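Colleague: Protein chains in written order, with this note's numbering: chain A, 1 to 90; chain B, 1 to 566.
Just so you know, these hints were derived from the structure itself, not from any lab. This one's a predicted model, so the numbers in the text were calculated from it and none came from an experiment. Please note: incorrect hints may appear among the correct ones.
Mimicking DSS-like on lysine-lysine, the simulated pairs with C-alpha atoms at most 25 Å apart in a straight line are [unchecked claim]:
{"#": "1", "chain 1": "B", "residue 1": "Lys408", "chain 2": "B", "residue 2": "Lys322"}
{"#": "2", "chain 1": "B", "residue 1": "Lys408", "chain 2": "B", "residue 2": "Lys331"}
{"#": "3", "chain 1": "B", "residue 1": "Lys322", "chain 2": "A", "residue 2": "Lys74"}
{"#": "4", "chain 1": "A", "residue 1": "Lys24", "chain 2": "B", "residue 2": "Lys331"}
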Amino acid sequence: MNRPRNHRHAEARRWLDYPENVRKIYFSVWIGCAILLLLELMIDKHAETTAEHWFGFHGFFGLIACIALVLAAKLLRRIISRPENYYDHH
Amino acid sequence: MTITELSPGLTLIVGSLLIPLLRGRARSVYLVLLPLLGLVHLAQLSTGEFGVLHFLGLQLVTLRVDRWSMLFGWIFMIAALISAIYALHLRTALQTTAGFAYAGSAIGAVFAGDLMTLFIFWELTAVTSVLLVWAGGTASAYRAGMRYLIVQITSGMLLFFGAVIQFKATGSLAFDHIGLDAPGGWLFFIAFGIKCAFPLLHTWLQDAYPEASEVGTVFLSAFTTKLAIYALARGFSGTELLIPIGAIMTAFPIFFAVIENDLRKVLAYSLNNQLGFMVVGIGIGTELSLNGTAAHAFTHIIYKALLFMSMGAVLYRVGTVKGSELGGLYKSMPLTTVFCIIGAASISGFPLFSGFVSKSMILSAAGQGAYLITWVTLLFASAGVFHHSGIKIPYFGFFGHDSGKRCKEAPVNMLVAMGIAAILCVGIGVMPGPLYAMLPYPVVFEPYTASHVLGQLQLLMFSALAFSILMWTRIYPPELRAVNLDVDWLWRVAFPSAWRYGVGLWESLLASAASVLAAKSANICSLVARHRQADGLLIRSWPTRSMAMWVMVMLLAYLLVYYIGK
Numbered sequence: 001m002n003r004p005r006n007h008r009h010a011e012a013r014r015w016l017d018y019p020e021n022v023r024k025i026y027f028s029v030w031i032g033c034a035i036l037l038l039l040e041l042m043i044d045k046h047a048e049t050t051a052e053h054w055f056g057f058h059g060f061f062g063l064i065a066c067i068a069l070v071l072a073a074k075l076l077r078r079i080i081s082r083p084e085n086y087y088d089h090h
Numbered sequence: 001m002t003i004t005e006l007s008p009g010l011t012l013i014v015g016s017l018l019i020p021l022l023r024g025r026a027r028s029v030y031l032v033l034l035p036l037l038g039l040v041h042l043a044q045l046s047t048g049e050f051g052v053l054h055f056l057g058l059q060l061v062t063l064r065v066d067r068w069s070m071l072f073g074w075i076f077m078i079a080a081l082i083s084a085i086y087a088l089h090l091r092t093a094l095q096t097t098a099g100f101a102y103a104g105s106a107i108g109a110v111f112a113g114d115l116m117t118l119f120i121f122w123e124l125t126a127v128t129s130v131l132l133v134w135a136g137g138t139a140s141a142y143r144a145g146m147r148y149l150i151v152q153i154t155s156g157m158l159l160f161f162g163a164v165i166q167f168k169a170t171g172s173l174a175f176d177h178i179g180l181d182a183p184g185g186w187l188f189f190i191a192f193g194i195k196c197a198f199p200l201l202h203t204w205l206q207d208a209y210p211e212a213s214e215v216g217t218v219f220l221s222a223f224t225t226k227l228a229i230y231a232l233a234r235g236f237s238g239t240e241l242l243i244p245i246g247a248i249m250t251a252f253p254i255f256f257a258v259i260e261n262d263l264r265k266v267l268a269y270s271l272n273n274q275l276g277f278m279v280v281g282i283g284i285g286t287e288l289s290l291n292g293t294a295a296h297a298f299t300h301i302i303y304k305a306l307l308f309m310s311m312g313a314v315l316y317r318v319g320t321v322k323g324s325e326l327g328g329l330y331k332s333m334p335l336t337t338v339f340c341i342i343g344a345a346s347i348s349g350f351p352l353f354s355g356f357v358s359k360s361m362i363l364s365a366a367g368q369g370a371y372l373i374t375w376v377t378l379l380f381a382s383a384g385v386f387h388h389s390g391i392k393i394p395y396f397g398f399f400g401h402d403s404g405k406r407c408k409e410a411p412v413n414m415l416v417a418m419g420i421a422a423i424l425c426v427g428i429g430v431m432p433g434p435l436y437a438m439l440p441y442p443v444v445f446e447p448y449t450a451s452h453v454l455g456q457l458q459l460l461m462f463s464a465l466a467f468s469i470l471m472w473t474r475i476y477p478p479e480l481r482a483v484n485l486d487v488d489w490l491w492r493v494a495f496p497s498a499w500r501y502g503v504g505l506w507e508s509l510l511a512s513a514a515s516v517l518a519a520k521s522a523n524i525c526s527l528v529a530r531h532r533q534a535d536g537l538l539i540r541s542w543p544t545r546s547m548a549m550w551v552m553v554m555l556l557a558y559l560l561v562y563y564i565g566k
């Protein structure tokens, strides 16, 4: 196995190392979301369930589902998280 | 008996025995040729039942070829080929020998036409695959392997008892539709359910797979659970109970995956979640949903292997896959990063990637069948799987906070294996036709409608938006060095503790009972002893007059009794 080396010095900075570029990625996600909502106005939807007829259903569902997921998982962590060597002592 | 009457599983099992005899380049060539030979063997097969053996009055069908078994045969053989290429850097033969025997057993099981043949290959997958867990080489891998083996063997024993009950009731060992009401039905259901990682029966998966070697996990991810999916699809299609079970399976693992630090364990949880989609498809039981299950098993094996391969490459080069230790690896491993992203896009079901064309069949089947709660749960799980497998794995592994770790790119053989899997992921996503043509039932389904694509893109893009908001506001839980308890805590800690406590309680009860008894018995002994001493009641010499008086008392008493009795 090849051990990794730590040498952060003397290394060219990559595109992603600049905070302003990371910000560009954030913005592009927001713009992407907006475009997808606009597109929904243009296409002819054929839905299998009633909910799918609501405007932006998939988008808003995904947004709320993911935020709820992460918040619930944070609560779950409080209950089930243990030190890394927990099972070694049992 | 010609080759077309032998199970293709035997090609790999017998072939695997030669691996330890070969060295160096010859072994490498052989490792690639063997699964290719298996593919040729598969191509020679024609539909029907072959290899019928009569044994102790039982009729065993060792080779049943139909659309279900062929589909799983093909994908298992492809997975064996990819895993073998991924393993070419290994100098020892143990893992590849065990891996091929394991793959061969799984293939033998899907071609089994009767329950006894199924049972034999079912147990063979257990004993061969545990070697891959133990190949992890740590003490915890050894213990996880033991737990894994116990669970797998239990599943096999249940299958065996089910087969015996069916044989006694019907006189047939045929492996066809079973259903819960059939004799032994529940035994089969639980046997398949254990291997399929049903909720509460699931922890062997998250326990053992992350402990296996980097190669071992790739082999493991393909066969055991999908063999269980195949068995469920054959035996229990249309069993309504599978719909809620599957829906729960898609949803609960993603909560664990969000807070798990070991990235291979995250993948094990998402494997569990993907199985849930397939189980729902089996439960709905329409041609569309069963096609969806078969297609999803096919695509899932490839993208899951790809994801495990990318994490295996990181483990091989960096020595850890803990999210808290990684980050910034795209600088050192750019190709692995690209392959991981392709796997992540596939599992998330991005249009033009393989997961999209298979998962949307199951979602459509749930939507059309008016299983509304199930449909919403599956949608939630789709968003969730993108969140933890699609974003979290690449983000914490390759991007995120730069850990400063620098290493070499993955070995060439690993890159080739990942490349093949990635090409298949994109190929199936762009051209689902060939896969659809292999499915068990005729396909009347068009994945690329404007509605489907837009709905899925919205779901994914807004999930990404949620991730970006949570990262931006620092609400997203950081990766921490910790273990998270799952239900296996019950038998790893709670039951043993309760047992020890119970034993302790019993022992102290016994001890106090013994001390009370000891005190009492000492009293009795001393009483007995006191009366048997020289001047004790029973030993000392009594005067004659007192004897005469006691005799008189006795005679009087006798007289009294005599008169009363009269």
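Colleague: All hints, please: hold or fail.
Modeller: Hints, verified against the model:
Proposed proximity of Lys408 of chain B and Lys322 of chain B is supported: the alpha carbons are some 18 Å apart, at most 25 Å. A threshold of 25 Å between alpha carbons decides the hint, and for Lys408 of chain B with Lys331 of chain B the separation of about 10 Å falls inside it, so the pair holds. Between Lys322 of chain B and Lys74 of chain A the CA atoms are separated by roughly 18 Å; this keeps the pair inside 25 Å, and the hint holds. Using a Cα cut-off of 25 Å, the hinted pair Lys24 of chain A and Lys331 of chain B holds, with the two alpha carbons roughly 20 Å apart.
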